[in-house]
Amino acid sequence: TQLLEQSPQFLSIQEGENLTVYCNSSSVFSSLQWYRQEPGEGPVLLVTVVTGGEVKKLKRLTFQFGDARKDSSLHITAAQPGDTGLYLCAGPFMTGKLIFGQGTTLQVKP
Amino acid sequence: KAGVTQTPRYLIKTRGQQVTLSCSPISGHRSVSWYQQTPGQGLQFLFEYFSETQRNKGNFPGRFSGRQFSNSRSEMNVSTLELGDSALYLCASSPLGQETQYFGPGTRLLVL
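Chain order of the listed sequences is A and B.
Residue numbering for the first sequence follows my numbering, starting at 1 and increasing by one per position.
Residue numbering for the second sequence follows my numbering, starting at 1 and increasing by one per position.
In short, the hints are calculated from the structure, not lab data.
Some hints could be false.
[To be verified] Incomplete in silico selection of chain B near chain A, CB under 7 Å:
#1 A2
#2 S33
#3 G42
#4 E52
#5 N56
#6 F60
#7 G62
#8 Q101
Beta carbons: idealized from backbone N, C-alpha and C, even for Gly.
Based on the provided sequences and hints, a complete structural model is requested.
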């Protein structure tokens with residue numbers, strides 16, 4: 001059973017479009033993290049959300065943590081080709097262990 | 001601060017061999033976790049070490065083992081390699097008291 005469900009799994013859009021990626025769980029998490037991973041590299045941390053209802057912005061990326069701390073979303077405004085990559089949400093399951101969603105592969109075409 | 005480093009970056013082995021991968025965490029981080037990433041299974045937790053002790057272990061066979069040294073550097077070993085062990089092996093470190101993990105670039109292992 002996947003504790004964190006991400007949707008969609010694949011997304012191919014044109015430069016300038018907006019998109020939202022969802023990360024859902026039936027479990028409550030103390031925090032959720034979003035990572036971006038490029039082929040052949042390790043995941044790079046984008047943001048950690050900790051408080052229910054929290055919204056964090058990172059340039060054109062907006063992250064939201066659900067009020068009940070069971071879900072999160074990542075919204076990208078005016079996507080650029082440089083946003084292409086695998087987006088992963090992750091939550092702590094036990095000390096030192098993160099549970100990852102299956103990821104969303106985003107392709108932004110020029 | 002320098003990030004998490006992993007060596008080697010790429011490795012080719014044959015079935016039945018064993019392999020050792022190395023990870024140096026961010027300076028001051030004492031927790032080191034290892035993950036296996038494959039296209040089919042995604043990122044799966046292998047084990048986590050803190051102060052030279054394994055604190056948590058994922059659902060992998062005993063062929064997968066690890067250790068941590070007094071300087072927090074960590075190694076993982078896979079014995080009797082199988083074709084299915086081909087994957088990207090990622091190491092991540094965390095500062096004390098934080099759940100956020102910082103990943104290295106990974107070691108790409110190919111088993112032929």
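| said: Output the indices of the hints that this structure fails to meet, ascending. | reply: Hints 1, 4, 6, 7 contradicted; others consistent.
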